[in-house]
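From first to last, the protein sequence lines stand for chains A and B.
The opening residue of the first sequence carries number 1 in the working numbering; numbering runs sequentially from there.
The opening residue of the second sequence carries number 1 in the working numbering; numbering runs sequentially from there.
These are calculated hints, taken from the structure and not from any lab test.
Computed from a predicted structure; not experimentally measured.
Take these hints with a grain of salt, some might be off.
FRET-style restraints, in silico, Cβ to Cβ [claimed, not checked]:
no. : chain 1 : residue 1 : chain 2 : residue 2 : range
1   : B       : Ile25     : A       : Asp68     : 35 to 41 Å
2   : B       : Ile12     : A       : Glu53     : 32 to 38 Å
3   : B       : Ile12     : A       : Leu10     : 50 to 56 Å
Chain A residues, not near chain B, derived (Cβ > 10 Å throughout) [said to hold, decoys possible]:
no. : residue
4   : Lys6
5   : Pro67
6   : Lys134
Cβ atoms here follow ideal geometry from the backbone N, Cα and C, with glycine treated the same way.
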Amino acid sequence: MKVATKAYGLIDVDERQRITFPDGLYGFEGLKEYVLLDAQQQPFYWLQSLDSEQVAFILIDPFLFRPDYELDVSDEELLAIGLARPQDALVFAIITIPPTGAPMTANLQGPLVINRENHLGKQVVLTDPRWKTKHDILAELEMTRKAPC
Amino acid sequence: MLILSRKVNEKIMIGTDISISVIEIRGDQVKLGVEAPAAVKVYRQEVFDAIMRENRAAAESAPALPTIPLTKPEDTRGDKNHS
């Protein structure tokens, strides 16, 4: 299918890359249909809204820069997207790249969980105080490197 | 909207399995105790507001993606072979 994207203009996207967020994302509750794209630059992904070309989120695998990351989400909450087995879950953090040139940050408090079997997704809210809405990715990557193995 | 007043140590019940008790009142701050089943998520309003704000900021991100210096163990081995 043809998709109008914010990052790459009109492109051809496989139907299998389609993800539905039945509740939308916080602040974007009305937008439920997205496609998940590999960004041209690794290790990023784009979550592009199918309803609004101008709404697209940059995603990253949070475990890449925080190997100690963990999500404690209740089973009931995950059943909303039919997720019963951890191996079916894809986890992404949404990235903010401020236009001001301030450091790029990842939101580890409100990650996206996607059921790779049925392509349903949900933004979950974590209560663990370690996870904030703004984690400086490059700074924390540096800290991970310096930490003894 | 239901508006009611409670004194310290008094409770309100929401349904049959959620209770909110007033533990302490000091100046303009109220300490509340919330008892709810594990399946019921209880958050401060600010947490939702912060995530909503962050989503909006994320959607305004500069589309130019930066480079992340992710090196894998294989890369290090490659360097050694090279030298």
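### Query
Do Ile25 of chain B and Asp68 of chain A keep their Cβ atoms within the hinted range of 35 to 41 Å?
holds (39 Å)
### Query
Ile12 of chain B and Glu53 of chain A, beta-carbon distance inside 32 to 38 Å?
violated (46 Å)
### Minimum Cβ distance from Pro67 of chain A to chain B greater than 10 Å, as the annotation requires
holds (12 Å)
#### Entry: Range hint compliance [Cβ, Ile12 of chain B to Leu10 of chain A, 50 to 56 Å]
holds (54 Å)
### Query
In terms of Cβ atoms, is chain B entirely out of 10 Å range of Lys134 of chain A?
Its Cβ does come within 10 Å of chain B, the nearest being 7 Å, so this is violated.
### Query
Going by Cβ atoms, does Lys6 of chain A stay more than 10 Å from chain B at every point?
violated (7 Å)
Going down the numbered hints, you'll see the structure goes against 2, 4 and 6, while the others check out.
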